[in-house]
Structure formats: structure tokens, C-alpha cells
Amino acid sequence: MYDSGKIISGLFIFVGIVTLPFWYNAGKAFVKPDPSLDTPVIRQMKEKHCIESKQYMIDKHMQLLNDWRNEVVRENRTIYVNSSGQYFTMSLEDTCFHCHSNEKQFCNQCHSYVNIEPYCWECHVKPKEEIANGQR
Amino acid sequence: MDNDKRRFLRLMGISTGLLAGSSLFGGMSSILKLGTKFNGDALASQGMEYGKFASDPKALKANRWAIAIDLRKFKTHDDYKRCIDACDNIHNIPVIPNNQEIKWIWEENYENAFPEQQNKYLEEELKDKPVLLLCNQCEYPPCVRVCPTGATFKRPDGIVMMDYHRCIGCRYCMAGCPYGSRSFNFQDPRPFIKHIDPEYPTRTKGVVEKCDFCIERLDKGLPPACVEASKGSIIFGDLSDTNSDIRKVLSNNFTVRRKPELGTQPNVFYII
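Each protein sequence line maps, in turn, to chains A and B.
According to the working numbering, the first sequence is numbered sequentially starting from 1.
According to the working numbering, the second sequence is numbered sequentially starting from 1001.
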């Protein structure tokens, strides 16, 4: 083979570059997101239950929020009736943030882990605890 | 020789047909699989039922919301300011002191508000009198016709509404609106808002905004903020209801509308 030295060393360099992400992250311990429900606001609450089951909210909160948005903005229906028949006003500010007042625990932990940056906060005002900490 | 060629072609034809058929079948079956994946029944069996939506019984309802502004009752600067401030405060409207300003309800002098009625010999009192302007919530809104994304749309109760989530900031609606009722966010508005009300969202850079007759207040059973702050100088009601306050005011007073010749059928009436 002609130029075998160049070709083989080139191949090594190519494989090295392609697998760079694996080398880069090798040996690093991955910390799984572990949101803590023990915030001052939640501690004061009598009923510690979200509008639907925990698993449903983890799996489907993005579809739920999308539906809420379309219903409120475009269909002018503002009340959500959950699977057990309870009524809720569909609003981030007036409903969700009353309990989910800590953005770091409830949003950023998992979203940072999966590298998602929701742009809700460009318009919607962050929960009160964040404002108190001087962030907006 | 000839026979070989024919056999070869037939074989090719059959195998191509089989191949196409099987891939079509495979495609169909994968579509069917997708169908079952997003089937609501499957979700329900896992205890993942979607909730239902309802409208608030407290909400004010109408077939055609409209406003009448009784300019005779606007005497001092404070009368105007009260209404404007009420709106600005609850909607997180920034104060930007240049041509990038954001306005939902604002003052304009009579000649500019009603340019077709310009008259050298205009009544002295009217000449310098400010007029309170806001979105006219047109019956035939040009902004809705030109919006390419459906971000602005007309609700069944006549209110022309903005869906900021869908606005791409093309500003066609601003070009379409003959009343200058729409403002564009050239920059992040938050640094220009004195006090942010956390109960109401702000807007973001690159979206168009305007007055929406306080739909968030109508949903709670309250009249628009400017109507409440005006203490009776602005009348709000349902045009389709013959017994409504606004119909009584309109049938007892001479009213004008802005640029009626354009055929947009504005729903803000002025008593001069």
C-alpha cells in the first residue's frame, strides 16, 4: 500500500475526533436530577398534591401546558377539570406557581439535565421566590 | 435469445412489484402502529386520562363587546391619566420615551384622531382637546386578515386578540391597522417597566401588542380597567343586547367613530 503511514495515522486521528464526545465525558459522574419538594412554600401547604398524578405530570406536563395555553388564549376556556373532577384555573401565575414557587427545584434541575431551555420566562414572570432572590 | 430477454424482463417486473408492495405494506403498518401509540384509549388504560376544559361561569359574555367614550366628561388631564395609568399598571406596559414606545390606550389631539374632520374653523374647545384612543376591536379587522401565522384573531365576542406565542414579529398587522393601535417590542420591555405585576405576563422582544379589552378581567367578571377607572365616562357593553348600557348611550347621543369610511366597522364610539 502506498502512503500507508499517512493513511493509518489519518484514520486514527479521524476516529479520535469522531469519538471525542465519549473521551470528553469519560470518567465524569452523572448526577441524576433530584428535585426536592421540601421548599418553604410547600411545607406550609395542607394538601401536597399536584393537579394530576405525579407520573402524569412528569410524563405529560409539556402537552398539558400546551393544551392549557391553546384553551385559554384561543378558545377562551379558563377552567381545567382534572381526572378526579376538581376545578383549576388554567394559569401559570395563578395556579402552578402557587406551589411550584422554586424555579431551581421544579424547572431547572431536570431541564438542565436534558439540556432544554424553556423560554417561558421571556414573558411569564418567574415565581415569587426567584423575584425575592433578586432574579427576574 | 429472445425468450431469455422476455423471461428476464418478466422476472424484473415481478420482483420490483413485490418489493414495492412489501415496502408499502411496511409503511402502512408503521403508520397504524403510530396511530395506536397516540390513541387516547391507550392513555386512559394507563391511568393517563386527559382532563376536560370548561369556561368560567363568572366570566362576562357577549356577542359584540364595544366601548363608548364620553369626551364631554373628560375635563382635566387627570381624567385621561387615570384611565391610561389603570391600563398601564395591570398590563405591565413599559414606558419607553422615544419612537419605540408601547401604547394600549393613549391621548391624541382631536385633529389627529379624526383627520377627515380637519377644519380651520373648528370649535375652540375641540381644537386642543385630547381624545382617548385604543384598539377599535374592528368588526372587519385588517390586522387579522394580514397576519401570516394566525397570531392575531377575532374571538366570537368580537374582541381582536393577540396570541403572543405565535407572533413572529413581522409587523404586517401594524401596517394593516389604520388606527396605529399596535406597538412593536423593539427591545426587551422589562427594564422599562417600573413595577412588574407578577400576575400578568410581560411581553418579549419581537412581538406586537395592543389593547384586548382586558379579557383577563372579563374572565373574572370585571369590566375593562379603563372603564372602571373612568368612573362613568367610558361605557362598556354588549352591542347585541338592546337593553345594555351601551345601546342606551348610543341611541341617546350623537356618536362618531374613527375613519368609518375604511369599512372596518370600529367598535369604539366617541361622544363629542
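Derived by calculation from the structure, the hints in this document are not laboratory data.
Cβ coordinates follow ideal geometry from the N, Cα and C atoms, glycine included.
Where hints are given, some of them may not hold.
Straight-line distance between alpha carbons at most 20 Å, and here's what the computed SDA-like set of lysine to any residue pairs gives [what the hints assert, rightly or not]:
(1) B/1052 <-> A/73
(2) A/126 <-> B/1111
(3) B/1120 <-> B/1100
(4) B/1061 <-> A/126
(5) B/1205 <-> B/1193
(6) A/46 <-> A/15
(7) B/1154 <-> A/87
(8) B/1058 <-> B/1228
(9) A/126 <-> B/1154
(10) B/1154 <-> B/1166
(11) B/1205 <-> A/42
(12) A/126 <-> B/1199
(13) B/1052 <-> A/124
(14) B/1220 <-> A/46
Facing chain A, a subset of chain B residues (Cβ under 7 Å, in silico) [stated by the list, open to error]:
(15) 1076
(16) 1163
(17) 1192
(18) 1194
(19) 1195
(20) 1196
(21) 1198
(22) 1199
(23) 1219
Selected chain B positions facing chain A (Cβ under 10 Å, derived; list incomplete) [stated by the list, open to error]:
(24) 1055
(25) 1056
(26) 1092
(27) 1188
(28) 1259
(29) 1260
(30) 1263
These are the hints, each one checked on the structure:
1. B/1052 <-> A/73: Between residue 1052 of chain B and residue 73 of chain A the Cα gap is close to 16 Å, so the pair holds against 20 Å.
2. A/126 <-> B/1111: With Cα atoms ~43 Å apart, residue 126 of chain A and residue 1111 of chain B exceed 20 Å; violated.
3. B/1120 <-> B/1100: Not OK: residue 1120 of chain B and residue 1100 of chain B at ~32 Å, beyond 20 Å, violated.
4. B/1061 <-> A/126: violated (31 Å)
5. B/1205 <-> B/1193: holds (14 Å)
6. A/46 <-> A/15: violated (58 Å)
7. B/1154 <-> A/87: violated (27 Å)
8. B/1058 <-> B/1228: holds (18 Å)
9. A/126 <-> B/1154: violated (29 Å)
10. B/1154 <-> B/1166: Roughly 15 Å between the alpha carbons, so the hint for residue 1154 of chain B and residue 1166 of chain B holds.
11. B/1205 <-> A/42: The given pair, whose Cα atoms are some 34 Å apart, is violated under the 20 Å limit.
12. A/126 <-> B/1199: holds (10 Å)
13. B/1052 <-> A/124: Violated, at about 24 Å.
14. B/1220 <-> A/46: Violated, at about 26 Å.
15. 1076: violated (34 Å)
16. 1163: holds (5 Å)
17. 1192: violated (13 Å)
18. 1194: violated (13 Å)
19. 1195: violated (11 Å)
20. 1196: holds (6 Å)
21. 1198: With a minimum Cβ separation of about 4 Å from chain A (threshold 7 Å), the hint on residue 1198 of chain B holds.
22. 1199: holds (5 Å)
23. 1219: holds (5 Å)
24. 1055: holds (5 Å)
25. 1056: holds (5 Å)
26. 1092: Where the cut-off is 10 Å and the nearest Cβ of chain A is about 8 Å from residue 1092 of chain B, the hint holds.
27. 1188: holds (8 Å)
28. 1259: violated (28 Å)
29. 1260: violated (28 Å)
30. 1263: It is violated, given that the least Cβ distance between residue 1263 of chain B and chain A is near 26 Å, above 10 Å.
Consistency with the previously given hints fails for numbers 2, 3, 4, 6, 7, 9, 11, 13, 14, 15, 17, 18, 19, 28, 29 and 30, ordered from lowest to highest.
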